[in-house]
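K.L.:
Position chains B and C relative to chain A; hints supplied.
Residue numbers (the working numbering), protein chains in the order written: chain A, 13 to 313; chain B, 91 to 473; chain C, 187 to 441.
None of these hints come from the bench; they were simulated from the model.
Careful: at least some of the hints might be erroneous.
[Unchecked claim] Derived coverage of chain A by chain B (criterion: at least 3 residues anywhere in the stretch with Cβ under 8 Å from a Cβ of chain B; other residues may be distant):
1) 95-107
2) 112-120
3) 278-291
By construction, the Cβ of each residue, glycine as well, lies at the ideal position given by its N, Cα and C atoms.
So you can see what is in the structure, the chains are spelled out below.
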Amino acid sequence: MDFFIQQFCNGLTTGGIYALIALGYTMVYGVMKLINFAHGELFTLGAFLGYLLLVTLGLAGAVGPALGLALSIVTVSGLVAAAGHLLERVAYRPLRNSDRLAAVVSALGASIFLQNAIMIVWGSQYRAYSARLLPAVSLDVLGQPIPLIRILVFAAAAALMLLLWLFINRTRTGLAIRAAAIDQGAARLMGIDVSRVIAVVFVIGPALGGLAGLMAGLLYGQINFNMGQLYGLKAFTAAIIGGIGNIQGAMIGGLLLGLLESLGAAYVSVAWKDAITFVVLIMILVVRPTGLLPERVAEKL
Amino acid sequence: MSFSPSVPGPPAGSPPAAPEARLPLPAKAAGVAAFFLIPVVLQKAGLGSAPYWLDVLNTVGLYAILALSLNVILGHAGMFHMGHAAFFAVGAYVTAVLNLDCGWPVLWTLPAAGLAAGLFAAVVAGPIIHLRGDYLLIVTIGIVEIIRIALTNDVFGLTGGPNGRMGIARPTVFGFRITRPQHFFYLIWFSVAVSLVLFRRLELSRFGRALRFIKEDPVAAEGIGINTSRHKLLAFVIGAVWAGFAGTIYAARMRTISPDSFNFSESVLLFTIVILGGSGSRRGVLLGSFLVMGLPELFRGFQESRLLVFGAALVVMMIFRPQGLLPPGPAAYMLPPPWDGAPGAGGARNGAFGGGADEAGGAGGPSPPAGGPAGTGTSGEGR
Amino acid sequence: MLLLSLNNVTKTFGGLVAVAGFSAGVERGQTVGLIGPNGAGKTTVFNIVTGSIKPDAGFVFFAGHSISSLRPSRIVELGIARTFQTVRLFPHMSVLENVLSGRHCRMRAGIAAAFLRLPEQRREERAVLSAAMEELDFVGLAGKWNLPAGALPYGDQRRLEIARALATEPRLLILDEPAGGMNDRETAELTGLVAAVKARDITVMLIEHDMGFVMKVCDRVVVMENGALIAEGTPDEIRLNPKVIEAYLGPDEEG
Numbered sequence: 013m014d015f016f017i018q019q020f021c022n023g024l025t026t027g028g029i030y031a032l033i034a035l036g037y038t039m040v041y042g043v044m045k046l047i048n049f050a051h052g053e054l055f056t057l058g059a060f061l062g063y064l065l066l067v068t069l070g071l072a073g074a075v076g077p078a079l080g081l082a083l084s085i086v087t088v089s090g091l092v093a094a095a096g097h098l099l100e101r102v103a104y105r106p107l108r109n110s111d112r113l114a115a116v117v118s119a120l121g122a123s124i125f126l127q128n129a130i131m132i133v134w135g136s137q138y139r140a141y142s143a144r145l146l147p148a149v150s151l152d153v154l155g156q157p158i159p160l161i162r163i164l165v166f167a168a169a170a171a172l173m174l175l176l177w178l179f180i181n182r183t184r185t186g187l188a189i190r191a192a193a194i195d196q197g198a199a200r201l202m203g204i205d206v207s208r209v210i211a212v213v214f215v216i217g218p219a220l221g222g223l224a225g226l227m228a229g230l231l232y233g234q235i236n237f238n239m240g241q242l243y244g245l246k247a248f249t250a251a252i253i254g255g256i257g258n259i260q261g262a263m264i265g266g267l268l269l270g271l272l273e274s275l276g277a278a279y280v281s282v283a284w285k286d287a288i289t290f291v292v293l294i295m296i297l298v299v300r301p302t303g304l305l306p307e308r309v310a311e312k313l
Numbered sequence: 091m092s093f094s095p096s097v098p099g100p101p102a103g104s105p106p107a108a109p110e111a112r113l114p115l116p117a118k119a120a121g122v123a124a125f126f127l128i129p130v131v132l133q134k135a136g137l138g139s140a141p142y143w144l145d146v147l148n149t150v151g152l153y154a155i156l157a158l159s160l161n162v163i164l165g166h167a168g169m170f171h172m173g174h175a176a177f178f179a180v181g182a183y184v185t186a187v188l189n190l191d192c193g194w195p196v197l198w199t200l201p202a203a204g205l206a207a208g209l210f211a212a213v214v215a216g217p218i219i220h221l222r223g224d225y226l227l228i229v230t231i232g233i234v235e236i237i238r239i240a241l242t243n244d245v246f247g248l249t250g251g252p253n254g255r256m257g258i259a260r261p262t263v264f265g266f267r268i269t270r271p272q273h274f275f276y277l278i279w280f281s282v283a284v285s286l287v288l289f290r291r292l293e294l295s296r297f298g299r300a301l302r303f304i305k306e307d308p309v310a311a312e313g314i315g316i317n318t319s320r321h322k323l324l325a326f327v328i329g330a331v332w333a334g335f336a337g338t339i340y341a342a343r344m345r346t347i348s349p350d351s352f353n354f355s356e357s358v359l360l361f362t363i364v365i366l367g368g369s370g371s372r373r374g375v376l377l378g379s380f381l382v383m384g385l386p387e388l389f390r391g392f393q394e395s396r397l398l399v400f401g402a403a404l405v406v407m408m409i410f411r412p413q414g415l416l417p418p419g420p421a422a423y424m425l426p427p428p429w430d431g432a433p434g435a436g437g438a439r440n441g442a443f444g445g446g447a448d449e450a451g452g453a454g455g456p457s458p459p460a461g462g463p464a465g466t467g468t469s470g471e472g473r
Numbered sequence: 187m188l189l190l191s192l193n194n195v196t197k198t199f200g201g202l203v204a205v206a207g208f209s210a211g212v213e214r215g216q217t218v219g220l221i222g223p224n225g226a227g228k229t230t231v232f233n234i235v236t237g238s239i240k241p242d243a244g245f246v247f248f249a250g251h252s253i254s255s256l257r258p259s260r261i262v263e264l265g266i267a268r269t270f271q272t273v274r275l276f277p278h279m280s281v282l283e284n285v286l287s288g289r290h291c292r293m294r295a296g297i298a299a300a301f302l303r304l305p306e307q308r309r310e311e312r313a314v315l316s317a318a319m320e321e322l323d324f325v326g327l328a329g330k331w332n333l334p335a336g337a338l339p340y341g342d343q344r345r346l347e348i349a350r351a352l353a354t355e356p357r358l359l360i361l362d363e364p365a366g367g368m369n370d371r372e373t374a375e376l377t378g379l380v381a382a383v384k385a386r387d388i389t390v391m392l393i394e395h396d397m398g399f400v401m402k403v404c405d406r407v408v409v410m411e412n413g414a415l416i417a418e419g420t421p422d423e424i425r426l427n428p429k430v431i432e433a434y435l436g437p438d439e440e441g
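Chain A with its partners taken away, still in its complex shape (with noise of 0.2 Å):
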């Protein structure tokens, strides 16, 4: 039982992880009906970045932990929103009125660009991000000893998932978001700015992408250029789950996943952990692509 909750807690987190980077995936996809296959490159971007700034540039030691950390939040964020702004003015508005198929290839490309330049920048080895950052001290959940970055991560993903639940529900840009991605043509009739839907868009889902992926550096302590095609793959796996577009599907497909994979590795198998969580988006794309949630749902973003 004790296992079993250090297993839970461990999925929760790399769920959350999930789950913001899932969302950046079904955010667009629900007002573009495309596939943002560079997102996963954000997120390793975010980690970078990160690292630039608490490790190369050592913030966390000139101003201390917390405001070191928080101003990393907030430049990640705003950095990697803005790498996603220019994505999508690069290599996705030229093809808006293209074919479908173009849009994916050039996503594809982009993603292949950045993942490469981050290789390029950085180089190919693993980088660490330093343990003096946080305290290494352990919380007492249950009765079992969490580790504090652990309890922090997964708090952060949450109030970071609440705030973008409030945004979409109750604000007028959300409101927007929500028309654009059930019809385009309607929302434009009403009166919607879909272009700037679109940028708002690829604002937020790239910022949370980025936070992501700092988040991940903090937890896991190793970053490499190639991770964002991993934890994309996944995140993507997650917005399937919970109905591709929808919002709550994929903060709730992006838990469910950690817990599968964490629950997976440690009662089935390690080795396979990584297979298992394809074998799953293989089995819904082909059984139930519109994800596990009821299909009202899954309809609306």
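P.N.:
Okay, now just chains B and C, sitting in the frame of chain A:
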């Protein structure tokens, strides 16, 4: 913005593709002969780096075979397939196992490698064939990853784990052992030539046409009597079988194979070759192979940023020339009598579409110039 | 002898009943018109017959086979060919190749024959070109065989679609609004074309809103409203049928 559902092609409203310039047969034959003399020439020239350049050409050739096989799936049938490295891997590993564990001579494993890859494709592609473009893409990526993980985990105890299998024998042809780059040159490029001929025949056949119809409009194709699911599955299987053959040659050439040779990046390279070169066009794919695998060798500094450039190239291509560098031209048909009097039917190059045919239509073509009963049938399309 | 019969066919989309217990039959050699106000369910019926949609209930029989669960390409093989309401050609391919697509289901050469370039494969290819040109000649497009299909004027595209459908050697040809968007001259030509198709002993079933065309071309007319059959008979009978008049013009307020 929602995207229109068709495949990448020239922008709507652009003038129809110009008919391809087709070299006369003697020039082509001379070119081919010259190409096959390269190893001899290099040896006579005493160039120290000759083995290196032959090796480069061998890599180009091997990737050309792989890309031609992917072309059937991606270029002709229009299915977005990023998992081709998986079929390649199956072929290579089957060869390794049969050679190392069962003592089969390497070239004898060719049919088994192809068969295994084909069966694997039949099993795997069946459930996913109906998926829409971008979803199919994701799923095929997942398949490649699953295969790589399985290989790394030494599934069935045959794949040797992360280090793979080593010590695969050299191929022998009638007792002659193929060991050096110049030998492999002939083996590989002969295979390329055979592949080119066979795939051209496929293009000009009922099956090849069906794939093009499916790519252009799958609903209309189904509605006119083409069983789209079966054809798509067959396209996958054919592409896989060929990739399996390529796997055998690769295993024999490298003598060591490991899961890392068959990862996502390999699929990306192949995908790029087909899309950049011109999907659906053998010429385009050949050009793509030279560009993607050969060009970086000319610019050594370029090596590391190779994928970077290709990623950017894909984006740029889709914006400015989505059909690729050398897209296939429209198919040209020679009309049988009594229709050979129709405008453009017999030889003059007229009409918006580059009327009738040229001479016999290249390698394997049967006949004298158009007009007589013997000179009929479908002739060249985009090579 | 009924070539095609629909028995109690029902199809619902979400909450909307598109076709409700529809039963009708088409005899060999006839030309049957399916008419009704917009939204009556006519194209849905066609889609069910050609296999693009599966009915929720009921059966469709064609030449002795039950076809409601078959895929569209199989139904074409059995002998039903269709044209679409909005033309669905292969625009980037030539006129000839479009017709060749229709010959696909009547050809036999497989992949092995293609790779080996067997004599029968080559013969078949030549024969197929002839057959395709004949169909093009039949609809009057032989001269344009090598043009890209997308470049043809609209009327020619419709004729090409018919040629393509005829290339499948159908026993039943289904035309969905063949006269849509045509002027008087083109409609007159189309009337001639349908008569020529009939002369080839092909049964024809069509949806049309142009009443003049329907009256001239059809032997029998079936009328639908709100997914159900409301009348059937000869064109003259239908023209005077009060239920039909009411369906198109609304109820007679004085009646």
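K.L.:
Run every hint past the structure and note whether it holds.
P.N.:
How the hints compare with the structure:
1. 95-107: holds (count 4)
2. 112-120: holds (count 8)
3. 278-291: holds (count 6)
Hint violations for this structure: none, all hints satisfied.
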